[in-house]
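*Asks:* Residue-level listing of the chains:
Number of protein chains: 2
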Amino acid sequence: MVAEKIDGKLISSSLRLNIQNEISSLKILHPDFNPKIVIIQVGDRPDSSTYVRMKLKSCAEVGIDGELLKYPADISQDEMINKLNALNNDKSVHGILVQLPLPSQLDEELITNAVNVEKDVDGFSELNIAAVFKKNSKLKIVPCTPKGIMYMIDYEKIQLEGKNAVVCGRSDIVGGPMGKLLEKRGATVTTLHSKSSLDQVKFFLKNADVIVSAVGKAGFIHGDDVKSGCVIIDVGTNYVPDETKKSGQRMVGDVDYDSCAQVASKISPVPGGVGPMTVVMVLHNLLQTAKEQYGI
Amino acid sequence: MVAEKIDGKLISSSLRLNIQNEISSLKILHPDFNPKIVIIQVGDRPDSSTYVRMKLKSCAEVGIDGELLKYPADISQDEMINKLNALNNDKSVHGILVQLPLPSQLDEELITNAVNVEKDVDGFSELNIAAVFKKNSKLKIVPCTPKGIMYMIDYEKIQLEGKNAVVCGRSDIVGGPMGKLLEKRGATVTTLHSKSSLDQVKFFLKNADVIVSAVGKAGFIHGDDVKSGCVIIDVGTNYVPDETKKSGQRMVGDVDYDSCAQVASKISPVPGGVGPMTVVMVLHNLLQTAKEQYGI
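Protein sequences appear in the order of chains A and B. So in my numbering, spot 59 of the first sequence is number 59, and the numbers just go up one at a time. So in my numbering, spot 154 of the second sequence is number 154, and the numbers just go up one at a time.
Only chain A is shown next, with the shape it has when bound in the complex (with noise of 0.2 angstroms):
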């Protein structure tokens, strides 16, 4: 068997399409249609920056006017929590995303839930987190990558009900809601993590319909570890050495693609799988929050 590819890049520039019309369509029916994200960025890390930039020029793309606000590495807690009840109470502001990580300082669990739950895009607030969790609790804002997953999963017509899936990896961001929005679906979901033995995490990948991978370790599955037929989804960004690229390095994900390529049905790769799929998601949560904002 050879894999097909989750082509991550195809299906997240159809949406965003989507998101594209959605929104010319709304400025058109209501003229004061203007939604409005913040994105907050402390400090200077590199890779925030990078983020940060591609999130602004995705949001450039469908029409959603972005802002930047840039602070010092060295903000105080309480003016930050000033900055953010100010942008709360912003009615121009529809959406706060404060990129993460943040420096010691701050209180990360604070700050986040800092964010009014109604313009929390990122999904990490307490509120938004309790409904992804509770049983029949009506979703609101579920955070950008499980979200895409769900996404790519349903454009592929993966079945979950009655599968064994299995995430590996519990953050609170990825791995936690991943299993129980894959949960709520049907699967019966084991979650691997730093705690479960080597035993154990190739018992249940060898046993796993549907694997989704957030450990961020470089070749943590190999196709000896997988059951023919599966389905792999790969959400490690890794950095290994290579010299043929200018930066002396590639980036990967947790998933030996070659090998596994031989066994699953089907896989997304890195890059071009999860990573398009989570930027557009933060539109879609933007439009989602801008549109209950405005009442339409």
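Don't read these hints as lab results, they were simulated from the structure. It is possible that some hints are incorrect.
Identical chains blur together in the list; that is why a pair holds if it fits in one copy or across any two.
Stated by the list, open to error - Straight-line C-alpha distance at most 35 angstroms; calculated DSBU-like pairs for lysine-lysine: (1) Lys57 x Lys184; (2) Lys245 x Lys91; (3) Lys27 x Lys206; (4) Lys135 x Lys70.
Guided by the hints, dock chain B onto chain A, whose structure is given.
*Replies:* Showing chain B alone in chain A's frame:
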């Protein structure tokens, strides 16, 4: 192998005694310390009346002031919310417990979320749920049944790290938080639910080191289904016909005790297992909220 019985009655009695002693000491140290719970019962369901009576009796035994507010089955949602707000603002009340289930005109989620998070001794409000589910959150108030089960597991010195745990059932009150609490302690957790196939149920049960069953089906787990030496915690409360009883029925769990006891290493019975632990955890949570509100 003949399994050792996990004696919930004994474990809960010893914890109840600790709570009683702590409250006595606190009342001596702080003469104004008067922990109080208000239990709200809507309508007249006989099972609810039994649970409420048990809780009030337990409160009295340890020195917690318990008050029962009974409302008619047709109370409106607005009226319920108003009553809850008054209790939220009443400084003499340290815990509020709304006995579930509620009549259908009341939105259970809305009502449980209306209880102030600091007085939510059931741990059902969204912010308490979110704290259980977020990886690094400081736990606030943990729902009584999963909290009681974790206490039993610790009391019995059951190892979780590197073990396969299977939770049967995914309710917001038991299965959901249970899986997360086991995972936080290092177990690799699979949750089985109504959409899991029979094959999946058999496969995961047979490979489980620790099983927590909360599906509400008598005879759901049989000795043939489980691995030698596993630990089984039975949360089920089911009634089966029994002519030798005056009531014509008898309470059993999800687990066929006799056959499982031949295979498992430890097993909690029904009655006398999880049930008494759940009740004592109401007291434990109330003591926690009262101490926080008194600032001691």
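*Asks:* With reference to the structure, classify each hint as holding or not holding.
*Replies:* Hint-by-hint comparison with the structure:
For a Cα distance limit of 35 angstroms, the shortest separation of Lys57 from Lys184 inside one copy, 33 angstroms, qualifies, whereas the shortest one across copies, 38 angstroms, does not. Taking CA atoms no more than 35 angstroms apart as the test, Lys245 paired with Lys91 passes in neither setting, with 46 angstroms inside one copy and 66 angstroms between copies. With identical chains, the CA atoms of Lys27 and Lys206 are never at most 35 angstroms apart, being 50 angstroms at best within one copy and 57 angstroms at best between copies. Taking the closest pair of Cα atoms, Lys135 and Lys70 come within 35 angstroms of each other only across two copies (28 angstroms); inside a single copy the shortest separation is 38 angstroms, beyond that limit.
Figure legend: structure checked against the earlier numbered hints; hints not met, in rising order: 2 and 3.
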